[in-house]
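Visitor: Chains as they are written, first to last, in the numbering used here: chain A, 26 to 461; chain B, 50 to 300.
It is worth saying that the hints were derived from the structure and are not from the lab.
Being a predicted model, the structure only gives us computed values, none of them experimental.
Every residue, glycine too, gets a C-beta built ideally from N, C-alpha and C.
Keep in mind that the hints are not guaranteed to be accurate.
[Unchecked claim] A short, non-exhaustive set of chain B residues, derived as facing chain A with CB atoms under 7 Å: (1) A99; (2) A127; (3) L133; (4) L139; (5) A156.
[Stated by the list, open to error] Label pairs and their computed distance ranges (CB to CB): (6) B:P142 x A:E386: 24 to 32 Å; (7) B:L172 x A:K384: 45 to 53 Å; (8) A:D446 x B:R76: 44 to 52 Å; (9) B:G103 x A:G399: 30 to 38 Å; (10) A:R72 x B:L172: 55 to 63 Å; (11) B:D228 x A:D115: 50 to 58 Å; (12) A:R72 x B:K159: 51 to 59 Å; (13) B:D167 x A:G190: 43 to 51 Å; (14) B:P142 x A:S376: 17 to 25 Å; (15) A:N382 x B:D72: 53 to 61 Å; (16) B:I229 x A:L450: 43 to 51 Å; (17) A:S113 x B:G103: 41 to 49 Å; (18) A:E74 x B:G103: 39 to 47 Å.
One letter stands for each residue in the lines below.
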Amino acid sequence: MSEKETQYFIEAYEEKRAALPGAGGWLARRREAAMDAFREAGLPHRRLEDWKYTDLRQTLEKAAFAPAPAHEGAVVLPGRRSASAFASIDRHVLIFVNGRYRADLSQVAHLPKGVELHALADVVHEQWAKDLVERRFDDARQAENIVDLNTALMSDGACLRVRKGVKLDKPLHLLFVAQDAGASHTRNLVLLESEAEATIIETHVGEVASFTDIVTDIAIGEGARLNHVKLQDEASDAVHLATMRARLAADAKLSSFALTLGCGVSRGQSFVLFSGEGAEANIDGAYALRNKQHADQFCVIDHAVPACTSHTLFKGALDGKSEGVFQGKVIVRPHAQKSDGRQMTHALLLSRDAAMNAKPELEIYADDVQCAHGSTVGELSKDSIFYLRSRGIPEDEARRLLVLAFLDEALDLTPHDLARDALKLLVSEWFGEVAL
Amino acid sequence: MSMLEIKNLHVTVGGKEILKGIDLDIRAGEVHAIMGPNGSGKSTLSYVLAGRDGYVVTEGSVRFKGKDLLEMSVDERAAAGIFLAFQYPLEIPGVTTMTFLKTALNAQRKARGEEELDAVRFLKLVREKSKPLNVSDEMLKRSLNVGYSGGEKKRAEVLQMSLLEPALAVLDETDSGLDIDALKTVAEGVNALRSPERAMVVITHYQRLLDYIVPDVVHVLSRGRIVKTGGKDLALELEKSGYAEYGADAA
Numbered sequence: 026m027s028e029k030e031t032q033y034f035i036e037a038y039e040e041k042r043a044a045l046p047g048a049g050g051w052l053a054r055r056r057e058a059a060m061d062a063f064r065e066a067g068l069p070h071r072r073l074e075d076w077k078y079t080d081l082r083q084t085l086e087k088a089a090f091a092p093a094p095a096h097e098g099a100v101v102l103p104g105r106r107s108a109s110a111f112a113s114i115d116r117h118v119l120i121f122v123n124g125r126y127r128a129d130l131s132q133v134a135h136l137p138k139g140v141e142l143h144a145l146a147d148v149v150h151e152q153w154a155k156d157l158v159e160r161r162f163d164d165a166r167q168a169e170n171i172v173d174l175n176t177a178l179m180s181d182g183a184c185l186r187v188r189k190g191v192k193l194d195k196p197l198h199l200l201f202v203a204q205d206a207g208a209s210h211t212r213n214l215v216l217l218e219s220e221a222e223a224t225i226i227e228t229h230v231g232e233v234a235s236f237t238d239i240v241t242d243i244a245i246g247e248g249a250r251l252n253h254v255k256l257q258d259e260a261s262d263a264v265h266l267a268t269m270r271a272r273l274a275a276d277a278k279l280s281s282f283a284l285t286l287g288c289g290v291s292r293g294q295s296f297v298l299f300s301g302e303g304a305e306a307n308i309d310g311a312y313a314l315r316n317k318q319h320a321d322q323f324c325v326i327d328h329a330v331p332a333c334t335s336h337t338l339f340k341g342a343l344d345g346k347s348e349g350v351f352q353g354k355v356i357v358r359p360h361a362q363k364s365d366g367r368q369m370t371h372a373l374l375l376s377r378d379a380a381m382n383a384k385p386e387l388e389i390y391a392d393d394v395q396c397a398h399g400s401t402v403g404e405l406s407k408d409s410i411f412y413l414r415s416r417g418i419p420e421d422e423a424r425r426l427l428v429l430a431f432l433d434e435a436l437d438l439t440p441h442d443l444a445r446d447a448l449k450l451l452v453s454e455w456f457g458e459v460a461l
Numbered sequence: 050m051s052m053l054e055i056k057n058l059h060v061t062v063g064g065k066e067i068l069k070g071i072d073l074d075i076r077a078g079e080v081h082a083i084m085g086p087n088g089s090g091k092s093t094l095s096y097v098l099a100g101r102d103g104y105v106v107t108e109g110s111v112r113f114k115g116k117d118l119l120e121m122s123v124d125e126r127a128a129a130g131i132f133l134a135f136q137y138p139l140e141i142p143g144v145t146t147m148t149f150l151k152t153a154l155n156a157q158r159k160a161r162g163e164e165e166l167d168a169v170r171f172l173k174l175v176r177e178k179s180k181p182l183n184v185s186d187e188m189l190k191r192s193l194n195v196g197y198s199g200g201e202k203k204r205a206e207v208l209q210m211s212l213l214e215p216a217l218a219v220l221d222e223t224d225s226g227l228d229i230d231a232l233k234t235v236a237e238g239v240n241a242l243r244s245p246e247r248a249m250v251v252i253t254h255y256q257r258l259l260d261y262i263v264p265d266v267v268h269v270l271s272r273g274r275i276v277k278t279g280g281k282d283l284a285l286e287l288e289k290s291g292y293a294e295y296g297a298d299a300a
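Isolated chain A (complex conformation):
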C-alpha cells in the first residue's frame, strides 16, 4: 500500500514497536500479525459497504496525522464545557493526555477489594487481557478490520477487572484530553466477572487536530452489569474513531449511551455478541452537529443465543452542512428463539444543506422472535413553531425547545442520572453557541 497515511502508521509502528507495551511476548507477535493485515488491507474507503458513507482513507490522508507526542508537563483542560461536565459526580478519574495515562493528574481513591484498575502495560501479560484483545466478532469484518491498526499501535489504556459479585463503588471516569496535534491509539479492557457491577464514564475533549483511535474490549459475566456513558466533544479538525466490542454472558446487562457534539469526522462502532441467554444490551446515543461535521454510528448486535434483548436508539439534530450516518444490523441466529431486537434511528434536519444516511438492517434466521427497525428523517414542524410563537416564544427559542424535546427521548436513556442531567445541560448549551 502506498498511501501516505497508511505509510505514516507503518512507519510509526516500525519506529515504536520495541517501546510499546508487551514487547517480546504474545502481544508483540499479535501486533506483528495485525500490522501485516493492516498493510495488506490499507485504510478502509468508500468502496467497502461498511464504510460507504465515511471514507476513513480519504479523511486521514487529507489530515496526515503524525503520532501525537508524549506530553509530560502541565495540562490545560480545554475551555469547552464538556471537559468539566461530570465534575460534580463523585467518581474515580483517570486522565489520559494524548492517549497516555497520567497518574500524576488522576484521582483514584481507595478501590474496593476485588476491583483491579491498571494501565495497559501492566496487564498485557495476563490471560484475561489476552483473551479480550485476541477475540474477534466477525459479524462485519470490513468494519472490524480497522481494529488491527489499534492492536498494532496501542500504547496505553484503562484496564478494569471487577471480581465476582463486587460492585465498583463509584463511576470510573476516563477523561481523554488531546493536548497536542497527532494520532493516538488507546485500548481499554473491561472484564466484569459474574454478578459484578460498574459504571464507566468516558469523555473525549481537545482543541487540536487530533486523531483518536480507541478500542474498548468488554466481557460481561453472568448476571453482571455495565453502564457506559460516553461524551465526545473534540475539535472541528479532529478525527475520532471508536470501536466497542462487548460480549455478554447469560443475564448480563450492558447499557451504553454516547453523545457526540464534536469532531470534524467521527465514527463510533459497536459490536455486541450475546453468548448466554437472558442478556440485555442497550446501545443508544444522540448527536448534535453543525458546520461540516460528520458523525457515523455503526452498530451490530449478534443474537447468537436465545432469549436476549437488544435496544438501539440514535437521535440527532443536523444543522449547517453537517452529515449524519447510521448503519445498524441486528442478527438473529437460527436457534436464537425469543430474541427481542429493536433498532431505531431518527434525525432532524435543521438546515437544507444537512444530510442523513441511514441503513438499519435485520438478518433474522429464527422464527419466534420480536424484531423491529426503523428510520426517520424530518424537519421541525412549521405548525408547531407557529403554535409556540403564537404564545410569545421567539422563533429561535421555539426551535430550541422543539429540538431539545426531540433529543430528550434518546438522552433519557443515559444509564446514570447525574450524567444524564449533565449531558442534557450540554445539549441545551449547544444552541447557545450559534443561533439556529
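With the hints as your guide, set chain B onto chain A.
Guide: The following block gives chain B in isolation, referenced to the frame of chain A:
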C-alpha cells in the same frame, strides 16, 4: 379608542382570495361573535390576526391598540397582547405543559421589559390559575396536549389565556369537539376573563357556545364578507333560519 380596527381587509391563501373586504371595530371590554358557515373565512381571519405564514394581505389594514399589527411578527403580536385559542391545539411531544407555560410567560414579560418570574413565583401563579379550570398537576407535567382529551386541550388553551392575560383573545371554534359539561367549564373560564380592559372575538359555527359566552355584538361572515351585524339575538335567529338566506351553502 378601538382595541382592534380592521379596514377593508383582503386576504389570499394559496393565491385564492378568502377574505374580500372585512371591516371590524372592536373596543376594550366588548365581546364580538363571528358566526358563519364552513368556508366563510372565519379561521382565516383568526390566523391573519395571529400572523400565520401563508396568509397574504393584499389590501386593507389592521391596527391593534393603534399600531400596525401586520408589521409585527407572530411572537411580537403575542407579547403585545393578542392571543389565539386554537380550534385544534397542537401536540408538542417532549415539551411539558409546565415548561411551555413558563417559557411563554417569561418570553412575553421579557419582550415587554418586565421582570421574569422565578420558578417559585411561577408555580404559585400557575397553580392559582389551574384550579378553577380543573387542570391537575399531573396534566401540567405531561407533554403539551399529548394524550389530552378534546376537553383537556381546550381547558389547557383557556389556562394559557388566563396566565398570559391578553388584551385581545380570539377564540377559534372553541366549542368544537366538546360535550356540554366540557363546554360549560371552558365557558366559565372564558367568562372569568371578561373585563373592561379586554376584548374577545368568539368565532363559532353554532349558536350553542353563545348561550354560555354571551356576546355584545354578533357578525355574520359569509363568502369572505361580513354580511350582517346585530346584537346577541342575531345568533338565535341564525339558529332557527340557518345561513341559507345569507347566500351561503347551508352547512
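Visitor: Taking the closest Cβ pair, is B:A99 under 7 Å from chain A?
Guide: holds, 5 Å
Visitor: Between B:P142 and A:E386, is the Cβ distance one that fits in 24 to 32 Å?
Guide: holds, 27 Å
Visitor: Starting from the range 50 to 58 Å, see whether the pair B:D228 and A:D115 falls in it by beta-carbon distance.
Guide: holds, 54 Å
Visitor: Could you see if the CB distance from B:P142 to A:S376 stays within 17 to 25 Å?
Guide: holds, 22 Å
Visitor: Mind checking the hinted window 30 to 38 Å against the Cβ distance between B:G103 and A:G399?
Guide: holds, 31 Å
Visitor: If you take the shortest Cβ to Cβ gap from B:L133 to chain A, is it below 7 Å?
Guide: holds, 6 Å
Visitor: Does the nearest C-beta of chain A fall within a distance shorter than 7 Å of the C-beta of B:A156?
Guide: holds, 5 Å
Visitor: In this structure, is the beta-carbon distance linking B:L172 and A:K384 contained in 45 to 53 Å?
Guide: For A:K384 against B:L172, whose Cβ atoms are near 46 Å apart, the range 45 to 53 Å holds.
Visitor: Taking the Cβ atom of B:D167 and the Cβ atom of A:G190, is their distance within the range 43 to 51 Å?
Guide: holds, 48 Å
Visitor: Is the distance from the Cβ of B:I229 to the Cβ of A:L450 consistent with 43 to 51 Å?
Guide: holds, 47 Å
Visitor: Can the suggested window of 51 to 59 Å be confirmed for the beta-carbon pair A:R72 and B:K159?
Guide: Distance hint for A:R72, B:K159 holds at roughly 54 Å.
Visitor: Cβ-Cβ distance between A:S113 and B:G103: within 41 to 49 Å?
Guide: holds, 47 Å
When each numbered hint is compared with the structure, no violation occurs for any of them.
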